[in-house]
Each structure stands twice: as structure tokens, then as C-alpha cells.
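For the sequence shown, the numbering used here gives the first residue as 1, with consecutive numbering after it.
The hints are simulated quantities; they were obtained by calculation from the structure and are not laboratory data. Some hints could be false.
[As the list claims (entries may be wrong)] Capping the alpha-carbon separation at 25 Å, the derived lysine to aspartate or glutamate pairs in DMTMM-like fashion look like this: (1) 24 <-> 12; (2) 67 <-> 77; (3) 69 <-> 58; (4) 67 <-> 54; (5) 67 <-> 87; (6) 47 <-> 28; (7) 47 <-> 37; (8) 69 <-> 42; (9) 24 <-> 38; (10) 24 <-> 37; (11) 69 <-> 79; (12) 24 <-> 14; (13) 50 <-> 28; (14) 50 <-> 62; (15) 47 <-> 58; (16) 24 <-> 13; (17) 50 <-> 37; (18) 50 <-> 38; (19) 47 <-> 62.
[What the hints assert, rightly or not] Restraint-style ranges between C-beta atoms, simulated for each label pair: (20) 48 <-> 22: 56 to 64 Å; (21) 43 <-> 23: 26 to 34 Å; (22) 50 <-> 85: 39 to 47 Å; (23) 15 <-> 39: 32 to 40 Å; (24) 11 <-> 31: 25 to 33 Å; (25) 81 <-> 29: 28 to 36 Å; (26) 38 <-> 60: 28 to 36 Å; (27) 42 <-> 72: 57 to 65 Å; (28) 22 <-> 59: 30 to 38 Å; (29) 15 <-> 51: 39 to 47 Å; (30) 13 <-> 48: 51 to 59 Å; (31) 25 <-> 87: 58 to 66 Å; (32) 30 <-> 64: 34 to 42 Å.
Where a beta carbon is used, it is the ideal one built from N, C-alpha and C, also for glycine.
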Amino acid sequence: MASSVLMTISRDEEERARIMRAEKTELDYISFMAQAEETGHERGLAKGRKQGIEQGIEQGIEQVARKMKTAGLPLDDIENFTGLSPEAIGRL
């Protein structure tokens, strides 16, 4: 009888330890995935900001070039000041 109780307690301890390991593994996975998602989100925001800034700069340069063209400045000057190609200036 005592050995039967001891075996039951041992099995229960083993089962408890197995369950705790499984729960820890699951919590570690959830934590890892949450961190990965946060990192991906931050990278996406940074990339979006960078693209937005680049587009804003391009639009500003085009706006200045358009005004220079409207003011009748020579194409060479517009190219030199804005860095736009003659084709790009022609499309404005």
C-alpha cells in the first residue's frame, strides 16, 4: 500500500513537472512572438517614415523646379539647383 501511494505521488510529481515545462514553453513562445511582432511593427513604421520623408523631399524639389521653370529660368540652372534630369523637368 505504501509503495502504491509512493508511486502515485511520484507519477503526479512527474506529471506536474511535465505540465509546468509545457506551460513554460508555451509562455516563452507567446513572449517571443509578441516581441517579434513589436520589432516588426517598429521596423515597418521606420520604413514608412523614411519613405514619407523621401517622397516629401521629391515633391518639394519638383515644386521648386516647377516654379523655376514658370519663372523662365534656364533648364541648366534648374538641373543644377534641383538635381532633376532634363526629362523630369520637361514632365513638370
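Do the hints match the structure? See the list:
Straight-line distance between C-alpha atoms of residue 24 and residue 12 comes to about 18 Å, which keeps the hinted pair within the 25 Å bound. Taking the CA atoms of residue 67 and residue 77, the gap is near 12 Å; set against the 25 Å cutoff, the hint holds. Among the hinted pairs, residue 69 with residue 58 is consistent with the structure: their alpha-carbon atoms are about 16 Å apart, no more than 25 Å. Between the alpha carbons of residue 67 and residue 54 the distance comes to roughly 20 Å, so the proposed pair stays at or under 25 Å and holds.
Taking the CA atoms of residue 67 and residue 87, the gap is about 16 Å. The hint holds against a cut of 25 Å. Distance check on the hinted pair: residue 47 and residue 28 sit about 28 Å apart at the alpha-carbon level, beyond 25 Å; violated. The suggested pairing of residue 47 with residue 37 holds, with an alpha-carbon distance near 15 Å, which does not exceed 25 Å. With a C-alpha separation of about 40 Å, the suggested pair residue 69 and residue 42 falls outside the 25 Å cut-off, and the hint is violated.
For the suggested pair residue 24 and residue 38, the alpha carbons sit about 21 Å apart, so the restraint of at most 25 Å is met. For a cut-off of 25 Å, the pair hint linking residue 24 to residue 37 stands: about 20 Å separates their Cα positions. Using a Cα cut-off of 25 Å, the hinted pair residue 69 and residue 79 holds, with the two alpha carbons roughly 10 Å apart. Taking the CA atoms of residue 24 and residue 14, the gap is near 15 Å; set against the 25 Å cutoff, the hint holds.
For the hint pairing residue 50 with residue 28, the CA-to-CA distance comes to about 33 Å; that exceeds 25 Å, so the pair is violated. Under the criterion of a C-alpha separation no larger than 25 Å, the hint pairing residue 50 with residue 62 is consistent with the structure, at around 18 Å. A distance of roughly 17 Å separates the Cα atoms of residue 47 and residue 58; the hinted pair therefore holds under the 25 Å criterion. At roughly 16 Å between alpha-carbon atoms, residue 24 and residue 13 fall within 25 Å of each other, so this suggested pair holds.
About 20 Å separates the Cα atoms of residue 50 and residue 37, which keeps this hinted pair within 25 Å; it holds. Simply put, residue 50 and residue 38 have alpha-carbon atoms about 18 Å apart, close enough for the 25 Å limit, and the pair holds. Proximity of residue 47 to residue 62 is assessed by CA-CA distance (about 23 Å); at most 25 Å being required, the pair is judged to hold. Between residue 48 and residue 22, the C-beta spacing of about 39 Å breaks the proposed range 56 to 64 Å.
Roughly 31 Å separates the CB atoms of residue 43 and residue 23, a value that falls within the hinted 26 to 34 Å. A C-beta distance of roughly 23 Å is found between residue 50 and residue 85, which places it outside the suggested range of 39 to 47 Å. A hinted range of 32 to 40 Å holds for the C-beta pair residue 15 and residue 39, which are about 36 Å apart. Restraint check, residue 11 to residue 31: a C-beta distance of roughly 30 Å satisfies the suggested window 25 to 33 Å.
At roughly 56 Å, the beta carbons of residue 81 and residue 29 sit outside the given window of 28 to 36 Å. Between residue 38 and residue 60, the C-beta spacing of about 33 Å keeps the proposed range 28 to 36 Å intact. Distance hint for residue 42 and residue 72: a CB-CB separation of about 47 Å, inconsistent with the stated range 57 to 65 Å. In this structure the supplied range 30 to 38 Å is violated for residue 22 paired with residue 59, their Cβ-Cβ distance being about 55 Å.
Checking the proposed 39 to 47 Å range against residue 15 and residue 51 shows it is violated: the Cβ atoms sit about 54 Å from each other. For residue 13 paired with residue 48, a C-beta distance near 52 Å keeps the hint of 51 to 59 Å intact. Remark: the range hint 58 to 66 Å for residue 25 to residue 87 is upheld by a beta-carbon distance near 59 Å. For the pair residue 30 and residue 64, the supplied restraint of 34 to 42 Å is violated, since their beta-carbon distance comes to about 51 Å.
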